[in-house]
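*Asks:* Just so you know, the protein sequences line up as chains Y and G, in that order.
Going by full-length UniProt numbering, the final residue of the first sequence carries number 526, and the count climbs one at a time with no gaps.
Going by full-length UniProt numbering, the final residue of the second sequence carries number 526, and the count climbs one at a time with no gaps.
Keep in mind that the hints were calculated from the coordinates and are not lab data.
Among these hints, one or two may not hold up.
Computed Cβ-Cβ distance ranges for the label pairs, DEER-style [claimed, not checked]: (1) Arg334(Y) to Val272(G): 29 to 35 Å; (2) Gly69(G) to Glu150(Y): 54 to 60 Å; (3) His159(Y) to Arg334(G): 18 to 24 Å; (4) Arg474(G) to Ala151(Y): 21 to 27 Å; (5) Val131(Y) to Thr83(G): 49 to 55 Å; (6) Asp38(Y) to Glu468(G): 46 to 52 Å; (7) Gln362(G) to Ala151(Y): 45 to 51 Å.
Note that the Cβ used here is the ideal one computed from N, Cα and C, for glycine as well.
There are 2 protein chains.
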Amino acid sequence: MFLTSSGQARSGLLWALRHVRRASGAPARDPRFAALEDSDLQFFDSVLGAGGVVTDPHSLQPFNEDWLGKYKGSTRVALKPKTTEQAAAILRHCNSRRLAVVPQGGNTGLVGGSVPVYDEVVVSTVCMNKVLSFDTVSGTLTAQAGCILEALDSHVAGHGYCMPLDLGAKGSCQIGGNVSTNAGGLRLLRYGSLHGSVLGLEAVLPGGEVLDLLTTLRKDNTGYDLKQLFIGAEGTLGLVTAVAIQCPPRPLAVNVAYLAVPTFAVAQQVLVAAKRQLGEVLSAFEFLDRESLAITLRHLPGTKDPLPGCQAPIFLVVETSGSSAAHDSDKLERFLEGVMEEGLVLDGVLAQDSAQVQQVWQLREGITTALRHRGAVYKYDVSLPISQMYALVEEMRTRLTTALPHLAGSSGGAGSGGGGGGDGSDDDGPPIRVAGYGHLGDGNLHLNISVPGYSKEICEQIEPYVYEWTAQHRGSVSAEHGLGLMKAGCIGYSKPPAAVAVMRQIKAALDPHGIMNPYKVLPPEL
Amino acid sequence: MFLTSSGQARSGLLWALRHVRRASGAPARDPRFAALEDSDLQFFDSVLGAGGVVTDPHSLQPFNEDWLGKYKGSTRVALKPKTTEQAAAILRHCNSRRLAVVPQGGNTGLVGGSVPVYDEVVVSTVCMNKVLSFDTVSGTLTAQAGCILEALDSHVAGHGYCMPLDLGAKGSCQIGGNVSTNAGGLRLLRYGSLHGSVLGLEAVLPGGEVLDLLTTLRKDNTGYDLKQLFIGAEGTLGLVTAVAIQCPPRPLAVNVAYLAVPTFAVAQQVLVAAKRQLGEVLSAFEFLDRESLAITLRHLPGTKDPLPGCQAPIFLVVETSGSSAAHDSDKLERFLEGVMEEGLVLDGVLAQDSAQVQQVWQLREGITTALRHRGAVYKYDVSLPISQMYALVEEMRTRLTTALPHLAGSSGGAGSGGGGGGDGSDDDGPPIRVAGYGHLGDGNLHLNISVPGYSKEICEQIEPYVYEWTAQHRGSVSAEHGLGLMKAGCIGYSKPPAAVAVMRQIKAALDPHGIMNPYKVLPPEL
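Turn these sequences into a full structure, and let the hints guide you.
*Replies:* See the structure below:
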């Protein structure tokens with residue numbers, strides 16, 4: 001495994017990665033796995049043809065590296081099957097040869113789950129990109145795993161439906177990867193998780209057997225619901241090759257309000273009011289704190305502060321989606337009048353057209369990219385009881401300011417009125433900035449710590465503290481990003497030993513040689 | 001295993017049950033299981049106290065028999081733990097002693113899943129009936145498995161929330177049983193399945209280990225989502241002892257329309273229009289055919305025909321639930337005007353108050369009870385592509401009329417204008433009547449064949465034809481009722497051998513001695 005960061009970040013990242021591997025107890029490379037031989041390549045050529053087998057080092061680079069540039073493997077081959085039968089032939093061969101495999105979709109994950117750790121064979125679903133069917137009466141879509149989420153949404157839009165999930169990476173992520181990582185995103189509050197909306201799937205088991213669960217039925221109580229195991233298994237139990245998914249009717253009207261509130265406690269009161277008064281048309285309830293806003297305004301070109309000069313510590317993005325523009329506006333106006341009258345909201349703006357809707361969403365969706373532009377980022381994605389979720393951000397700020405005053409000391413942070421607020425000033429704040437944002441309605445916090453470079457000194461202040469704090473509050477150390485390589489050693493913070501033991505039994509039953517996405521999700525047994 | 005039906009039905013039922021057992025290949029009684037001894041009862045007494053151990057034959061009767069009177073076991077003991085620790089001690093003992101166990105909730109199932117087949121120990125959750133917590137901001141409820149669904153709905157109603165499922169048996173079914181059987185019901189169209197709304201659960205594994213997955217987080221991607229395995233496992237993998245569930249905001253307004261349509265094809269057009277125009281407030285889209293209506297009007301006291309004299313073959317119950325009565329009525333009126341103008345609907349009525357809402361729902365929900373009053377019933381619960389779902393009812397009518405003209409010949413059935421229509425006449429039709437109703441919006445058909453008594457002659461005309469027809473159309477032979485004992489031999493109609501093999505692996509891993517609810521769900525291996 002090689003590092004891709006250059007310059008000052010390199011040694012810090014090296015340490016961080018070693019730390020992850022130490023924590024998970026992973027060996028340098030599992031000696032049970034064979035190394036690729038020429039005869040393997042010949043076999044792959046015979047199945048896929050030359051166009052489906054990538055071996056040239058330059059072309060392999062994007063298969064070996066994640067988009068954050070944080071994880072890099074050293075595979076010698078990436079395979080691009082077009083059909084389930086081809087994928088099955090590949091896995092059957094790899095299983096019999098004990099070649100480790102890493103399934104790869106759009107490679108947009110954040111935890112190193114979709115790239116090789118060492119020399120695993122990459123099986124990419126990029127060429128499995130056909131829509132198989134769409135039923136316009138029931139709204140059920142069946143598609144190959146490699147279809148891009150945004151392309152599927154456009155496809156069903158033509159029939160008056162929408163995809164039941166939406167996330168920042170929609171332009172490049174694939175539905176198979178969405179399902180394999182149980183992607184959450186912005187509309188989970190409205191349409192629920194993929195465990196509810198995926199109706200069926202097809203997966204190739206590690207031994208090459210095709211598990212055809214690709215029905216489009218909304219209800220099917222015939223035995224254990226095996227498809228659920230593959231939703232969120234991050235490719236460790238098999239390769240998802242096709243998905244059937246329930247699409248809701250496409251909303252005819254979308255409204256977005258951007259609100260400033262004085263505290264996170266008040267934000268919760270606004271959430272309760274929104275659920276009560278917006279009811280069935282509430283489709284997103286997101287938050288960002290002033291640090292997130294300031295970093296985005298400064299580092300993401302084209303962004304604009306919807307409430308210039310407002311120094312509130314917490315901002316909310318409240319969206320409605322419904323079938324009647326008049327009804328939705330009516331509900332939203334009553335809701336806004338109510339929360340204004342009660343003094344819950346300091347200031348707010350209602351997007352007046354689709355350009356303004358886009359502008360507000362760009363602020364919320366662009367935070368990840370803006371943070372990347374600023375430099376290195378320690379990223380955490382935790383679920384917490386809503387009442388507790390912002391306390392972790394505040395405690396982390398205090399902790400870093402106390403331990404590293406020369407790096408984190410002068411930041412204002414939320415609530416202090418200090419520099420780096422949403423005032424569009426040139427001040428980029430102290431070297432370390434702690435940003436909190438996320439899916440408030442779902443209790444899902446994205447805690448991001450922007451730093452000058454990855455270092456042991458900083459990391460030790462953050463980990464394992466952030467995981468321990470989350471565990472103490474009965475939270476999840478991975479709400480929607482998954483465990484991947486980054487957090488395979490952290491499962492114990494959110495799952496009891498009995499559960500991990502059952503997961504190991506299931507892994508052993510379905511993948512007896514452990515070839516599927518090794519080193520990920522489950523920590524190696526000691 | 002004894003039979004409970006008396007008189008003429010007895011020999012037919014005996015045949016039917018033997019047939020089920022033959023189909024599943026189950027042995028007379030699995031010789032691996034031990035028989036209960038006095039020392040076992042002493043142990044149970046020591047754990048539960050005398051009040052928690054039922055051994056008196058008269059008191060055991062309701063634990064041994066299902067509510068249809070179709071299945072009856074011969075257990076010698078029923079246990080009523082109050083806590084998870086007590087349940088764990090019981091299972092640990094049974095596992096070490098190789099005593100088979102049947103978990104039992106409200107015992108409202110329809111496939112013989114919740115009663116003993118032979119002398120299995122009944123573990124009833126009836127005394128595990130405490131609400132553990134309710135979070136008013138997020139709407140998450142945590143409750144012991146034995147809580148009655150209707151009681152939970154009343155509990156959360158006080159905070160402005162409702163349970164995400166509703167079914168006819170709500171007054172006696174328990175949430176643990178709902179989860180274990182993945183109950184669907186009337187509002188699945190709106191709130192989705194339990195695979196989406198159950199946030200966490202606690203289960204005791206067969207060996208007595210407690211699997212604590214009882215978090216209330218909406219998002220948690222840390223490893224395989226094991227709770228999903230227990231949703232719909234019908235108690236064969238462990239005993240569900242507590243459940244955390246996401247409750248949606250309680251609708252402030254409910255409207256119900258009752259519509260008559262000329263064909264099932266037109267009913268589908270009305271569904272598409274309802275999804276488009278009612279959008280987010282559509283909460284149920286049910287259908288009943290004229291046979292179902294006629295039987296209900298005749299056999300269920302207190303029912304009234306909402307459209308007297310209307311001879312339509314298909315009737316629809318369309319419900320909206322929303323946060324604004326004015327908006328919902330507005331949407332519903334536009335929708336009704338549209339479908340009337342297009343000539344899709346022959347006649348219809350909009351319930352004017354909650355009493356009328358009740359009246360309409362009583363017709364739909366009361367069909368099961370009305371059929372029971374008429375006599376013996378062959379009940380099938382299948383999922384099919386919506387376009388195909390009523391064809392099975394029509395083909396079954398033709399098939400029975402052709403094969404058994406003396407029993408089924410003179411029925412009008414839907415569309416023929418014959419006797420037994422919704423005209424409130426005294427004519428109870430021919431001895432055999434085929435009724436079709438169910439959850440049209442979910443593609444879930446309840447096919448019920450009302451007969452004078454269970455007989456080989458009739459059954460051979462129905463089975464395996466109904467299962468084969470369903471399989472040919474890629475449907476499910478059990479949409480929401482589960483497999484239980486009745487359909488354990490039928491899993492192959494809806495799941496491929498590779499899936500059944502994986503289920504067996506999971507069963508063997510979690511329950512190596514096979515003590516949990518034996519003879520159910522999975523057919524015995526040959």
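*Asks:* Looking back at the numbered hints, which does the structure fail to meet, lowest number first?
*Replies:* none
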